[in-house]
Structures are given as C-alpha cells and as structure tokens.
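Line order of the protein sequences matches chains A and B. Here the first sequence is numbered in my numbering, starting from 1 and rising by one per residue. Here the second sequence is numbered in my numbering, starting from 1 and rising by one per residue.
Simulated from the structure, these hints should not be mistaken for lab results. What you are looking at is a predicted structure, and each value in this text was computed from that prediction instead of being measured. Some hints here could point you the wrong way.
[As the list claims (entries may be wrong)] The calculated label-pair distances, taken between Cβ atoms and stated as ranges, are:
hint, chain 1, residue 1, chain 2, residue 2, range
1, A, D153, B, V140, 31 to 37 Å
2, B, V102, A, E81, 50 to 56 Å
3, B, L144, A, E106, 29 to 35 Å
4, A, R220, B, V116, 41 to 47 Å
5, B, L124, A, V128, 37 to 43 Å
6, A, R51, B, V102, 42 to 48 Å
7, B, D98, A, R250, 47 to 53 Å
8, B, Q126, A, P39, 18 to 24 Å
9, A, E57, B, A158, 33 to 39 Å
10, A, G71, B, F155, 27 to 33 Å
11, B, V140, A, G71, 43 to 49 Å
[Claimed, not checked] Counterexamples of contact, computed for chain B against chain A with all Cβ distances above 12 Å:
hint, residue
12, M14
13, L28
14, L99
15, F104
16, W108
17, A109
18, Y110
19, A112
20, G113
21, L124
22, L148
23, V152
24, V156
25, R159
26, S164
27, K165
Glycine included, every Cβ here is placed at the ideal spot set by N, Cα and C.
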Amino acid sequence: MAKQHGEEDGYASALGRFMLAVVILFLLAFFLLWRIDSPRVERVRMEIIDRVIPNFEWATAPLTAVTELAGSFQSYARIYEQNQELRRELLKMKIWEERARQFEQENARLLDLNNVRLDPQNTFVTGVVLADSGGPFRQTVLLNVGDRDGIQDGWAVMDGLGLVGRISGVADRTSRVILLGDTASQIAVTIAPSGQRAMILGDNSVLPPIEFLEKPDLIRAGDRVFTSGDGGVFPQGLLVGQVVQSSTGRLRVNLAADIQRLEFLRVVRNTTVPSIETPGTLLGTRPLAREDVDGS
Amino acid sequence: MDRETLWVITRRCMFVLVCAIVVLVQTLPLPGSAESWPDPDLIVAIAFAWTLRRPNLLPPLLVGAVVLVADLIMMRPPGLWALLVVLGCVYLAYRHKDLSQVMFGIDWAYAAGTIVAVHVAYYLLQFPLFLPTMGAVPLVLQALFTILSYPVVVFVSARLFDISKDRKIEDI
Chain A
1 MAKQHGEEDG
11 YASALGRFML
21 AVVILFLLAF
31 FLLWRIDSPR
41 VERVRMEIID
51 RVIPNFEWAT
61 APLTAVTELA
71 GSFQSYARIY
81 EQNQELRREL
91 LKMKIWEERA
101 RQFEQENARL
111 LDLNNVRLDP
121 QNTFVTGVVL
131 ADSGGPFRQT
141 VLLNVGDRDG
151 IQDGWAVMDG
161 LGLVGRISGV
171 ADRTSRVILL
181 GDTASQIAVT
191 IAPSGQRAMI
201 LGDNSVLPPI
211 EFLEKPDLIR
221 AGDRVFTSGD
231 GGVFPQGLLV
241 GQVVQSSTGR
251 LRVNLAADIQ
261 RLEFLRVVRN
271 TTVPSIETPG
281 TLLGTRPLAR
291 EDVDGS
Chain B
1 MDRETLWVIT
11 RRCMFVLVCA
21 IVVLVQTLPL
31 PGSAESWPDP
41 DLIVAIAFAW
51 TLRRPNLLPP
61 LLVGAVVLVA
71 DLIMMRPPGL
81 WALLVVLGCV
91 YLAYRHKDLS
101 QVMFGIDWAY
111 AAGTIVAVHV
121 AYYLLQFPLF
131 LPTMGAVPLV
141 LQALFTILSY
151 PVVVFVSARL
161 FDISKDRKIE
171 DI
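Isolated chain A (complex conformation) (with noise of 0.2 Å):
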C-alpha cells in the first residue's frame, strides 16, 4: 500500500529513529568539534562556501540589480531636492577642493625638503562584495578574492574612504571580511588631535563604541579617528571614521566608510609587517633566504 512507503523513513519505525539519533549525535559533535578546534571548522566552513556562492552569482546578482532599482526609482520622487542638495554639496566641495590642492603643494614641497620616501607596499586588490551574513546577528560580508589573488587572513579592507573591517578566513576564490561592527571586532587605534590610544570593540551596531580610553574628556566629538598599528595587524594611519556622542555620553566611531552599501571594497597589502617566526628574529631583521645560505 501506497501509505507504508511514507512511512519507511519516518520518526515512528525502528530505521527512522535509528536515522534520528546518527542525525542528532552527528550535528552535537560537528558542533562539539568546532568549538573545540574553531580555526579548523571555520576553514571547512569557507571551502564549502568558496564551493556554494560564486556558482550563484548568475542568480543573485540580476536580484540584486532589481532591489537596487527599485531603491533608484524611489529616489526618482525626490529628484529635485537631491539636485539642490548636490549643487550645495558641490559648491563645499570646490573650496575644499580648493584647500585640498594648496595642502598638496604644501605637502610636496615639505616632503621634498625632508628627502621622505613614502612607503610604497601598501598597495590594494579590489574585490566585490557577493553575499553577506544575512541577518543583524553577525556583520560580515564574503568578497570574490581570495588566495589565488593573495589575499591573506588579518589584512585590513577599506572602502574608498574608510577602514571596513579585516579580513579572516581566505578560500580559494573568496575571503571574508569581518566588519568593525562584528562583535568578533577589536581594533586599535589613535585619536587625532589629542593622540590618544584606545580600542574599537564591535557590537553588532552601525556605530561601534570606543573603549579602553585613558582619558575621555580630551575627546570631543568630531574628532578623527585612525588605526594606530598597533599589534601589527593593520597600517598604521588608515582613516576610520569621526567620533559621535551617544546621548548616554558614550563614545562612538561614525564610520567613514559606508558601511550600508558595500560594493567594491579594498583590501589592503600589509607586507611592511615582519613575520615572527624564531625568538631570535623578534627584532625584525629578516632571516637569511634560503638561496643565500646554500650559496654560501
């Protein structure tokens, strides 16, 4: 009879429940096994992913397109307010523009009489952004470069702007990139003018909070915030984003980048950073490469 086959798998035969306990006691230690070993589950994590999403590409991205033009016929209504508020924003942008172009001959200049040779490795690999973590529980984005373009996990990733977060966990075609606003985020950083050092510690909101700093009251609103290089996983000097005062008093970072609509994002070379490998090279000179002490 046509009923009994249903039944076969089911919750209620012997085979069913058997299915049952493998299915449970597989999925406690798949979990057991990542929290236990966490760095090795996450790697499988991204090869499945690095397998799954790019094959979807096809899909996704006419879907994408379609939301993105429903936004931009939304904003059709208003189009002559915006273009006010562009020719506004233009007419900032000249005399900026303008101050920009005098602190360029300045700078070229200074630098010139000082014989300074800027630091050329920081160079970029752009990617574009394929997916994200689908939900406001963790903030992370997946960007279509990965090893084979020599991406490497920690390397810091920016819009045009600003810093976006850092990259952690690399798969053959892609990487992801945790946000500043991950709770798994902590970055460090200085605040310019006073020169103060604290820590930006992510909790899944668009503006993180500042901590760990030393003296709060130097900290106005509308200060810089940068990276300080601090632990050497991040350059020096990147732009994060202006500090923001909560109405509790707390500070927070109001991210240059735009964190709400990441596109193409940057991710920023760091070779500068010595790799540790034995005490003895904890100075930073290199070691020896190998082809000079077979030489020898």
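Using the hints, position chain B against chain A.
For chain B alone, kept in the frame of chain A given last:
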C-alpha cells in the same frame, strides 16, 4: 515507482530548493542590511508546518543537513541551530496524532510554542558554550516574525505544494 513515492520525493526536492532560495536571498548584499530587523527564519517555519501536516515528509536527515548548510553559509555556530530545529521537528512529529483533527489556531499555537522554545534554548545555550553572544532583542524579534510568517507558510504550502492535513492519498 508509485505515485505516493513520487509525490514525497518531489516535495523533498522542493523543500531543498525553497530553502536554497531563502538562504541566497537572505545573504544578498543589499544596501542597509547591516543594521536591520531580523528576517523570519522561513526554513524553520516550513519545516515545522510540513512536519505538523505530514510527519514523514521531511526526515531528520534532510532537515538537519539543510539547516546545517544554512548555519555554515550564514555564519552561525555550525550544528547548534540545526540540532535544535531537528529536535523541534521530532517533538511536532510525535504531537502530530493529537493535532491531526484540531483547528488551525491550536496547530499554530503548538508551532509557535516550539519556535519560542527553540529560540530560548539557543539564547540560553550561548552562555555555557561561550558563543559570541547576541542580544536577546533580535532573537525575540526573529521568533516573533517566524511565528507571524507561519500562517502564510501554511497557506502557500497548501496551495502551491499541496501539503495539508486532510489530504487523501487516494485522491491524486
């Protein structure tokens, strides 16, 4: 292969397909998704609704595998959510006999209770397991939206996928 087997297999394929679409749409990098309200967990709503109607339709292996892959892609701690959803399905499958003749309201109440229980268990387990903790508010909202999406899921399942309680096998 008789008709019933074919029916069951096509419904299972549809479950996988629908869940894949749900995950892909949720992970679309749309503007403004960084700090927004949580989406209803439609996979849970579908799994619970279908299990309450046809307890043998979705075996625990299928539910576990689908939610585990969703866990992996959506950056949740892998396995925990899947385990809780499977346990929720088991509970509802055992309740199925009592609920086969009741009104929709009671059916909905049972599904809602299970959804709340799964979310509460997930929230409480964060602390002893040292998971990256999230606030209670998004979880409460997610549970609420999932419960509210349940009648819609049931309606669409009946209309589109032909999954309802009083379906006679002889009719097809």
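Now the hints, each set against the structure:
| no. | hint | in the structure |
| --- | --- | --- |
| 1 | A:D153 x B:V140: 31 to 37 Å | holds, 35 Å |
| 2 | B:V102 x A:E81: 50 to 56 Å | holds, 55 Å |
| 3 | B:L144 x A:E106: 29 to 35 Å | violated, 58 Å |
| 4 | A:R220 x B:V116: 41 to 47 Å | holds, 46 Å |
| 5 | B:L124 x A:V128: 37 to 43 Å | holds, 39 Å |
| 6 | A:R51 x B:V102: 42 to 48 Å | holds, 44 Å |
| 7 | B:D98 x A:R250: 47 to 53 Å | holds, 51 Å |
| 8 | B:Q126 x A:P39: 18 to 24 Å | holds, 20 Å |
| 9 | A:E57 x B:A158: 33 to 39 Å | holds, 34 Å |
| 10 | A:G71 x B:F155: 27 to 33 Å | holds, 29 Å |
| 11 | B:V140 x A:G71: 43 to 49 Å | violated, 29 Å |
| 12 | M14 | holds, 16 Å |
| 13 | L28 | violated, 6 Å |
| 14 | L99 | holds, 14 Å |
| 15 | F104 | holds, 23 Å |
| 16 | W108 | holds, 21 Å |
| 17 | A109 | holds, 21 Å |
| 18 | Y110 | holds, 16 Å |
| 19 | A112 | holds, 20 Å |
| 20 | G113 | holds, 19 Å |
| 21 | L124 | holds, 15 Å |
| 22 | L148 | holds, 16 Å |
| 23 | V152 | holds, 19 Å |
| 24 | V156 | holds, 20 Å |
| 25 | R159 | holds, 21 Å |
| 26 | S164 | holds, 15 Å |
| 27 | K165 | holds, 14 Å |
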